[in-house]
Amino acid sequence: MPRPLLRPPTSEGPLTRVPSTGPTKRTLTGDALTARLRVKRSAAYMTALMKLDAGGHGINRETARALVDTVRIEFPELTMDQLLLGIVAKCYLGEPFEIHTLDIAGCIVTHFKRGEPMPGGLEKARAIGVNPYYAFVEVYPTSVRAIRADGGVTVTEI
Amino acid sequence: MSSQINSLSADVQTIEHASVALQIQLTSLTADFHQFVQHDSAHKEIQISETRIVRVRQEVEATFGFYAEIRRRATGILQASDLAIVRQETMRSSTEEAMIGAPGYWLAPALVALSAWIADKRELAEKALLEAMRRDDCKTSLLMTLVCRRLGRHDASRAWLVRYFSLQDPFALDRDVIVLVDALASGVFGAASIAKSHEAIGAWLQEIANRVGVIEEQRARWNAALHGMKPSSLANRYPYLEKYSPSWPHLRDGLLGVGINGVFGDKVKQMFGGEIVLSPRLVERVDGLVDSLVKNFDDAELPLRRQERRLQLVIDADGDRAAADAQFAIETQAFQEQASFISVLTNAALGIGVGDLSRATQRLAFAMSVPWIVEAYDDVVADVRTKQPGTIDLKIETWSGVTTDGGNEAALLEDLESHITAEESAQFAKLNGVGFWWSSIAAALCVILAAVVHPFAVTWLVFAATFGTIQGISYLMRISKTKRLKTHFASRREAGASIVKALCAEVVDLREEVTREDARAESVRTKLGEIRSGEHVGAAVEQGRRIVA
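Note that the protein sequences, when read in sequence, are chains A and B.
No gaps in the numbering here: position 50 of the first sequence is 50 in our numbering, and each next residue is one more.
Here our numbering = 1-based position in the second sequence + 158.
It is possible that some hints are incorrect.
[To be verified] Under the rule of at most 27 angstroms between Cα atoms (straight-line distance), these lysine-lysine pairs were calculated in the BS3-like manner: (1) B/Lys388 / B/Lys354; (2) B/Lys545 / B/Lys401; (3) B/Lys659 / A/Lys113; (4) A/Lys124 / B/Lys388; (5) A/Lys124 / A/Lys90; (6) B/Lys641 / B/Lys588; (7) A/Lys90 / A/Lys40; (8) A/Lys51 / A/Lys40; (9) A/Lys124 / B/Lys644; (10) B/Lys588 / B/Lys388; (11) B/Lys644 / B/Lys401; (12) B/Lys427 / B/Lys685; (13) B/Lys588 / A/Lys113; (14) A/Lys51 / A/Lys124; (15) B/Lys388 / B/Lys685; (16) B/Lys545 / A/Lys113; (17) B/Lys588 / B/Lys644; (18) A/Lys90 / B/Lys545; (19) B/Lys588 / B/Lys553; (20) A/Lys113 / A/Lys90; (21) B/Lys659 / B/Lys545; (22) B/Lys545 / B/Lys685; (23) B/Lys685 / A/Lys40; (24) B/Lys545 / A/Lys40; (25) B/Lys553 / A/Lys124; (26) B/Lys553 / B/Lys401; (27) B/Lys388 / B/Lys427.
[Claimed, not checked] Covered stretches of chain A, going by a simulated chain B footprint (3 or more residues, C-beta under 8 angstroms): (28) 30 to 40; (29) 114 to 128.
[Claimed, not checked] Ranges of calculated distance between the beta carbons of each label pair, as one might list FRET restraints: (30) B/Val421 / A/Pro132: 18 to 26 angstroms; (31) B/Pro389 / A/Met50: 30 to 38 angstroms; (32) A/Pro117 / B/Ala367: 36 to 44 angstroms; (33) A/Tyr92 / B/Val560: 19 to 27 angstroms.
Just so you know, the hints here were simulated from the structure itself, not pulled from any lab data.
The beta-carbon is built from N, C-alpha and C at its ideal position, and this holds for glycine as well.
From just these sequences and the hints, can you work out the full model?
Structure, rendered in C-alpha cells:
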C-alpha cells in the first residue's frame, strides 16, 4: 500500500479531492469523480492539446494517438467508460473550417466546416467550442467541460 | 347555377370568418380566465400568508417574549456600567430576576455573571459563568470574547476566543459564527485576535476543501442564486425575430442568460463600491455585535422564524408560491441549526437568514467565498454559452431559411425570390391547366355532335354556345385573377425582401448584443479575481499590526 500523501484516511473517507499520482488505481464515483474532473488541468496536458490544429489538415494517426495518450495520462484514475468522448476546439485553419475534434476512441483529428454536423455526441459542444474564451472543450456522456487556457475547468451538465 | 355557387361560396367564407373571429374571442376569453384564476389564487395566497404571519409573530412573542426583555438587558448592563448611573444592587436584582424567569436560557446566568463581575463578586461570577457555559458554551464564550474586548481586557478576550474556536466543528457550526465574521469585518478585534481568527478560519477552510461534497454543495447554491439573477423579461427590441424565427425561444433564453452578467456585475460593484463607514467608537461596534448575538441566534426560535420567512417570501412575491418556494430553497440552509463554515459564509454573502447583516460582513463573507463563487459563475456562464443557438431559423409564410450571423442576406434574398417565383409559376400553371379549357373542349364536342347527329343539331349548338359563353367568362375571370396574383406575388416579394433585410439586421444586432454582454462575464471574472478577503477585514480602533485573514 502506498503511503497516503497528506494524512491517513479518516472515517469520513479518503482525500479524494487530491488527484492520485501513485500507481494504485481506485475507481472514482459520484462526488469524488465530479471533484476529480474539476481539478485544474496540468500544464503538459494544456500544451499538448492546445496544439490540436498545429499540424494543419494532415495530422497523422501517430500524432493523434500521442494526444489521446496525453489524455489518458492526465486521468489515470478514470476507467474507459468514465473517460471523455472527445475534445472539441475552435479551428484556426481559416474559412470554411470552424471547429475540430479529437475522437478519443478512434484516435482521429477531424476538422469541420461551418454548419457541418459533428458525430458521436460532440455536436452538443459546438456553441461553447467556438467561444474564444476557452482553449478547448472536453465532451463527456452527460457533461461538457470547457477548459480555459490556464487549465481552469467549467462544467455544464447536458 | 354559377351565381348560386358564388353565393354559397360567399356564405362559406362569411361563416369561416365568423368562426375565426369566434376562435380569437374564445382564445382571448380563455387567457383572461386563466389570468383571473391566477390573480385570484395569488390574492388568496397573500391573504392567507398575511393572516398566518401575524399568528406566527404572536406565537414568537408569546413563547419568547420574556427572552426579548432579557436580551435588552445585555447591552443595557454594559452601558449602565460605563456611565455608572445605575446602582449595582439594581443590576444584581434585575439579572437575578431574569435568571428565575427564564429557566434553561443561557443568557440569564451570563448576565448574572456580568453583574457579579461589575460588582467585583468573583465567586458568584464564576458560578454563574459555569452555568451559562453549561447551557450554551459557544454563545457564552463568544459573548465573553466581545465583553472582554469591550472592557479592554485583550488577553482575556483572546483566551475566550481560543476557547470558542476549540469548541467548533467547521462542518457543523452554530449560526452565531457569523457574529465572529461580523466582528472581523467591523474591526472589533485586536491584532492578536485577528491573527487567531485568521489561523482558525484558514484551518477550517483547508479542512472543508479536503472533504468532497461540501464545496460542491455551496457551489450548487451559488449556481442557483446566479441563475435566479436572470432577467425575467426582455424589451421588445427584436420584433421581426420574435415573429419570423422559430428559434426565437432559444434566442430569447440566450439573451436573458447573458443578462446575468450585467445583474451580477452590478451586484458585485455595488457590494464592493464605496467605503464602509464604521462607528469610530469601539464600544458601539461591540454593543451592536452583542445585540446581534443575543437576538438572532437562538435555535429554539428557529422553526417559527423559518415559518415567518416562508410566509414573508410569499407576500414579497405577490402571492406567487412557486417563486417564493424557489427563493426559500436558496435560503433554507440559513434556517438550519448547524451548518458548515462555508455555508454560513454563503448565507451571509447572499444576505439571507435571521437578522440584518452589515454591509461590511456581507462584503467579507463574499470575499472569503470568492473561490467557489468564481467556479459557480464560470459554470453558469459556460451553461449560457453552450445554449446559445449556433444557427437561426427563419420562416416567412411558406419560405424558410437559416442564418448564423445575418451575413448571408444576399443568399437569403435570392432563395426567397426563387421560392416565390416557384410558387408563382405553380399558381399560374394551375390557372392555365387543362381544367381551364374544359368548357372549350365541351363546346367543340357539342359542335361535332351537332354536325354528326342531325335530329338534335340545334340542341347541341345551344349547348356549344353555352359552353362557349362559359369559356369566355372563365377567360375574363382569369385575366382578373392573373392580375390579382401578379399583385399578390409582387407584394409578397417586396414584403418578404424587407422582412429578410430586417431579420438579418436584427440578427446582426442580437449577435453583437450577446457578444457584448458575454464579454462582461470576463470583466466580472477579473473583478472577482481581484477581491482579497484580507482587504475587507475591518481596521481595529487601536493601533496595532494588521494581519490578513
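Hint check, failures only | The structure breaks hints 1, 9, 10 and 13; every other hint is satisfied.
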